[in-house]
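*Asks:* What follows is each chain in one-letter form.
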Amino acid sequence: EPEVTQTPSHQVTQMGQEVILRCVPISNHLYFYWYRQILGQKVEFLVSFYNNEISEKSEIFDDQFSVERPDGSNFTLKIRSTKLEDSAMYFCARGGQGAYGYTFGSGTRLTVV
Amino acid sequence: QKEVEQNSGPLSVPEGAIASLNCTYSDRGSQSFFWYRQYSGKSPELIMFIYSNGDKEDGRFTAQLNKASQYVSLLIRDSQPSDSATYLCAVTRGSNYKLTFGKGTLLTVNP
Chain A
1 EPEVTQTPSH
11 QVTQMGQEVI
21 LRCVPISNHL
31 YFYWYRQILG
41 QKVEFLVSFY
51 NNEISEKSEI
61 FDDQFSVERP
71 DGSNFTLKIR
81 STKLEDSAMY
91 FCARGGQGAY
101 GYTFGSGTRL
111 TVV
Chain B
1 QKEVEQNSGP
11 LSVPEGAIAS
21 LNCTYSDRGS
31 QSFFWYRQYS
41 GKSPELIMFI
51 YSNGDKEDGR
61 FTAQLNKASQ
71 YVSLLIRDSQ
81 PSDSATYLCA
91 VTRGSNYKLT
101 FGKGTLLTVN
111 P
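In the order they appear, the protein sequences are chains A and B.
Position one of the first sequence corresponds to residue 1 (our numbering), numbered consecutively onward.
Position one of the second sequence corresponds to residue 1 (our numbering), numbered consecutively onward.
Keep in mind the hints are simulated off the structure, nothing from the lab.
Even glycine gets a Cβ: it sits at the ideal position worked out from N, Cα and C.
It is possible that some hints are incorrect.
Stated by the list, open to error - Incomplete in silico selection of chain A near chain B, CB under 8 Å:
hint, residue
1, Val43
2, Ser48
3, Ser55
4, Glu56
5, Phe91
6, Gly95
7, Gly101
8, Phe104
9, Gly105
10, Ser106
11, Gly107
Said to hold, decoys possible - Below 30 Å or equal to it, Euclidean Cα-Cα: the simulated DSSO-like pairs (lysine-lysine) are:
hint, chain 1, residue 1, chain 2, residue 2
12, B, Lys2, A, Lys42
13, B, Lys56, B, Lys67
14, B, Lys42, A, Lys42
15, A, Lys78, B, Lys103
16, B, Lys56, A, Lys42
17, B, Lys42, A, Lys83
18, A, Lys42, B, Lys67
Given the sequences, and given the hints that come with them, work out the whole structure.
*Replies:* As structure tokens, then:
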């Protein structure tokens, strides 16, 4: 089992609704990441979070997306107004020694209808 | 656009054979190279990383890197049916360690 757990494992939401994806529990790492994978497509970088701040974000990560570490352990990705094309698997990842690779969470399958 | 290219497959090998998976990348500044395994509907699982030219062996897996040719490969010896999965090649550049993935190669090991 992955060391990083994500909740929920599957979420179905209506277009235009807000969703919050959670990454729990988080050990004491500095780097956190969110990636997504649309069905049949490659894994795509969304955002990296270092020392409680966004360090880099992709073109995908527009104003509809936000990340937080609300209580020092959980790490969340919020999509404010979901679109059909947001349907994908969303993975969080933790790193500390990124040059040696990092561990992905179990994933959340988001389905927007 | 920094690209990582893989043959999507499927690559089919018999049990016990050597599976050879290949990957090319376009960014000459790429520093570290990774192979992840992904079972259907699951998250990527790190198999190996390599950052120096040459070979790196770990059990049945050998990663090979040729920076001049911008080429990285993964060999799986004594392939098992449980190795059947999609193998993702990924590269990083810079201190942020953002991964750029290829689309993956589907490997099927036939009993």
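*Asks:* Against the structure shown, which of the earlier numbered hints fail to hold, in ascending order?
*Replies:* Result: no hint breaks.
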